[in-house]
Each structure stands twice: as structure tokens, then as C-alpha cells.
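Engineer: What follows is the residue order along each chain.
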Amino acid sequence: MTLDTRPRLADPDALFALLVEAHRGLDAEASRRLDARLVLVLANHIGDMDTLRQAIALAREAG
Amino acid sequence: MPATYANPRYAPAPIPAAEERRQVVVGGAGLVGLTLALDLAQQGVQVVVLDDDDTVSFGSRAICFAKRTLEIYGRLGLGARFLEKGITWKTGRVFHRDREAYAFDLLPEEGHEYPAFVNLQQYYAEEWLVEACRAAGVELRWKHRIGAVTPRADGATLAVEAPDGSYVLHADWLLACDGARSFIRDSMGLPFTGQVFRDRFLIADVVIKGDVGFPTERWFWFDPPFHPGQSVLLHKQPDDVWRIDFQLGWDADPEEEKRPERVIPRVRAMLGEQVPFELEWVSVYTFRCRRLERFRHGRVIFAGDAAHQVSPFGARGGNAGVQDADNFAWKLAFVLQGRAPEALLDSYDAERIPATDENILNSTRSTEFITPKGEAARAYRDAVLELAARHAFARPVVNSGRLSRPSTYTGSVLNGPEGWAGGALPGTPAPDAPVLREGAPDWLLRHLGGAFSLLVFGPPEPSLPGALPRGVRAVFVDDAGTPGALWDHAGLARARFAAPAGGAVLIRPDQHVAARFATPDPAAIAAAHDRALAGASMEIAR
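These protein sequences, in sequence, are chains Z and F.
Here the working numbering = 1-based position in the first sequence + 16.
Here the working numbering = 1-based position in the second sequence + 1077.
One chain only, chain Z, in its complex shape (with noise of 0.2 angstroms):
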């Protein structure tokens, strides 16, 4: 399957709020955490190999 990349958010503004409201009162330890449960919730949804190769190359190009 290939990476959608396209912008697929009706609302992108409220992403970003849910994901900071998220993380709200946790330190850093616990906010890696919670991260990395949530990358994990999702890696499992999309259940692609291919696709969450092609997500995590685009992630460290980025940076």
C-alpha cells in the first residue's frame, strides 16, 4: 500500500489541539510514553508493514 500524503484533515486545527490537550500535565517521560502507545495504536490500524516503512522514512527525512 502507498503512504497517503495528501491532505486528508477537514479540521488539521483541532488535530493539533487534541494532540497537545493530550499531552497536557504529563512530563516528559510520560509524554514519550504516551507517544509511543499512540504510534503503536495506530501502527496496528493501519496494519501494513509497507505502509508504516514508508511513514516512518518520511518521518526521519523531515527532521
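Worth flagging that the hints you see were computed from the coordinates, not collected in a lab.
Please note that a few of the clues may not be correct.
Partial selection, computed: residues in chain F whose CB lies under 7 angstroms from chain Z [to be verified]:
id, residue
1, Trp1219
2, Ala1456
3, Ala1460
4, Leu1464
5, Phe1470
One side only, chain Z facing chain F, incomplete, derived with CB under 7 angstroms [to be verified]:
id, residue
6, Arg49
7, Leu56
8, Asn60
Please read all numbers here as calculations on a predicted model, not as lab measurements.
C-beta: ideal position from N, C-alpha, C; glycine also.
Use these hints to put chain F onto chain Z, whose structure you have.
Structural biologist: Same frame as chain Z, but now just chain F:
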């Protein structure tokens, strides 16, 4: 220190009167060397085994014998002893902090002679192998240390040092089973490379009499309250011995950690103040995952830890070594008896190197999960464990060791036609199944192995055995209890091969499937037999 076992001491062998030439010499009387020697001897090959010590393994060491290994020992006539003495288990349970995160069943189906695992101290297995080797005519030379190795085109010359003096031994074939610190490997200058893991572990074997409150399962804790921040593994062994494996971290001082004053409080924290126990054996270890580039170097062949090393998580060390022996013994026997060309020996590398890589991959991945290096790895590891307690999707990601599975030689050059879809394919070990022989309960695998066999799913066909290549035995299995056939009364034999009625399976001496035929055509069977021997008939005709 061990209280439940006294190592036997074997008399050192006298030295030969003059230089000697022997066909097969095994270097190292450990689990793998003894297994290889026994298998060869049972196939009619004369074997000499050299060992620098005069006893079996000191300490329990490899304790988890996997189903495939048990089947191999079944073929060699020792299976019943493992079942009788060993602790049978199949369930693994994983805990994170103070709660269960995941459990797995390694053999969820019935109808196999051997269980998923039997736990047994390595010294018992070696002691039985020594007895069986003696009975099979293997010449065991205790306290004979190999002091120098000179590989040659036609074998290897060994300088051997024994209590009564030194001598020269010419081996046509040298089988190096001398362990992770192999002298033979080092003296040949062969690189043994791979990954080192910066962590230390403490093994404490403790004797606990009476009820301990733990079932006979493999229990693994991540970050338990009694050993915070590290992992702990618990296994039951015979003689009321429990194996506890504590992760210590890289900074631990190995000598300090072995002292009873350090070990006892760790065990007490785990078992509770009220449980009396005695220390049986203590060891601190680090590990690596590495292998030789090739296992066959002309007339010198490496097997077991001398050829490859893995972490202990997954029981992939000893079990892999026994499968090396299982793979190599029949090939060498056929070559020495002029029944196959020497090219057959190259298939040992072709089949066992991918098997080794699979073991190293699994072992490395388990280690990375158990001892995460770096903050991100640790965060992901903990995230998996946190999710696993409540969400099924995360449980398969929990990796406390992926336990040894039989190697599958799919894609091997020795494999012939698949014949039909599904079931046990060429390259896989033949699955076991319950059968009835003349009305008595029996197992399918007891009738396969040691030689080539043709398993035929149908009533006995009197003309077939005579039409098969020399040395191939016909084994008929049918669903009606016809005289002369094994009765597949539960239908499991045929189901596990997914075989059509009348289908036939050519099975190697190591019980692996070589080829399958929807109808047993003698010419096609002969061709597959030839292929499984790396072109035997062509070579012999030459």
C-alpha cells in the same frame, strides 16, 4: 555446591600405542558432540570422541528441550527418558510489574508423542547420551585434549594430550563440537562475528521442597516489584530445582553477584520470606549472537555453539545444536558408505545457515525487547507492555523470547516436488500423529527416520516396496486398519500432511519431508530420492 546431582567421573582412556588414523573424530563430548556421535554410530559409522574433561556438564545449563529435539532423541532411542524425568510444559506467562500482560500456549493441539517442551538439566541428557554412545560402540576418550589442529585436504591431523602422554591422531573427518569457545575454530583462525549485548544475567538454580505456588509454566516478569527495572525468568526443573534468571544490567560486578550473600536476598525477595530454599548452582553470564560464515571447512565441520551462538531467550542454543547433529549425521553416514556424493555435505551449510540466521534474528529481537537500549527503545517496550494488559492487539508484540521452533528447510536443493497444496511441505519436519499398530497405540514418527522412508496414505501395495530405490522403506498408513498398515484412526496423520488418498511422502533419515507425490510413481520417487542425496545415482554410476 549442587546438592541434587553428583557428576559421574569417567575413566580417562589410555593413549594409543602409535599414530592413528580414524575415519570420524568428534571434538567435544557435550550435548551436540554426543548426539552427533550417537546418530553416526547408529547409522553404522565408527566414531571417536575426544573431550578434555572426564564428566558431563557442570551445572544445569541448557534446560529447555523443545519438541523437535525430543523427537530427535525419540529417533535415537532416548525419548522416553526425557519424558519420564523431565518437566513437561507448554504455557508461557508474561507479567509486567504486578500484573499479567500475556500468556501463550506453545502446543495448542493434541496428538503428538512429545510436548512443546521438557525441562531437564543438561547433565542428565549428557549422561544418557554417554550410556547410549557406549552401547552403540562409540569410543569415548575422556581427558584427551586437542592441543593442535592441522586441517588437510584429506582430513585433519590432531596433536592430542592425555594424562598418559601425547599422540598424533589423523582424522578423515573432524566434527568440531567444542562449544562457544571452540579451540578448533580459533586455531583455524576462523572469524566468529556478530553482536555483543551489554547486559549481564544471574542464573540461580534453587532447590525448594514442597509446594512453591508456581505452576509448571514458563513465567517471565518485566520490571517486577521484587526486582525493579529488570527482568526475571522462572523455569521448573526436575529434582525440585527451580531456575531463576535475573537481569542485572551491564554495570553489575559478575564476581560480586555470584556470592550467596548477594544471591539469597534476590531469591528471597521473589519467593517471600516464608519459603525455604537452598542454592544449587549460580552463574553470571553475558551473551552474544554470532556465527561462523560457513560451518563446513573441507573435512572439518562445525556444529552447535562452536558454529553459532545466541542469547538464551528462546531456548535456541542447545536445540539448534541438536538439530545441526540431526541434519549432518545421516549425510556424512551416506557419504562414508558410498551411497551419496560428497556434495551432499554442502547441503548442511545450505540448510543450517538459514536456520541459524532465523535463530539469531529471533534471539536478537527478543534481546532488544528484554533489554532495550536507549530511551526510545525502552519507551516503546514499556508502551507495548502497558497496552498488552488491556488490548489483545499488543500482546503478540510482547517478546520475552520466541521459543525454539523446528527449522524448515524450504527452498533446499534437496527438496523434490510438493505433489499437492497444504500440509507439511518438503523441507519441514514430518508432523507426528497418533496411529494404531496391530490395535496398539503408537506414533507415526516412530516409524520414520534413521533411513529414507516412503509414507503412503493407503492400504499396503505389495508390489511397491520392491519398486523403490534401495534402502527406502515403505510405510503404509490407512484409515481402515488394514493388516500391514498403520491405522490413522483419528485421521490426524493424513490431515497434517493434507494428503490425498493414495498420496505418498518421501521422508529423509532426519524425518524431514523430501518430496510428495499425489500417486506413488516409482520413477518420480527414484528421481526425488536421487535429488535428496545430491545426485547419488549419477555419482555412483561414474
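Engineer: Next, verify each hint and record whether it holds.
Structural biologist: Evaluation of the provided hints:
no., hint, result
1, Trp1219, "52 angstroms, violated"
2, Ala1456, "4 angstroms, holds"
3, Ala1460, "4 angstroms, holds"
4, Leu1464, "6 angstroms, holds"
5, Phe1470, "5 angstroms, holds"
6, Arg49, "5 angstroms, holds"
7, Leu56, "6 angstroms, holds"
8, Asn60, "5 angstroms, holds"
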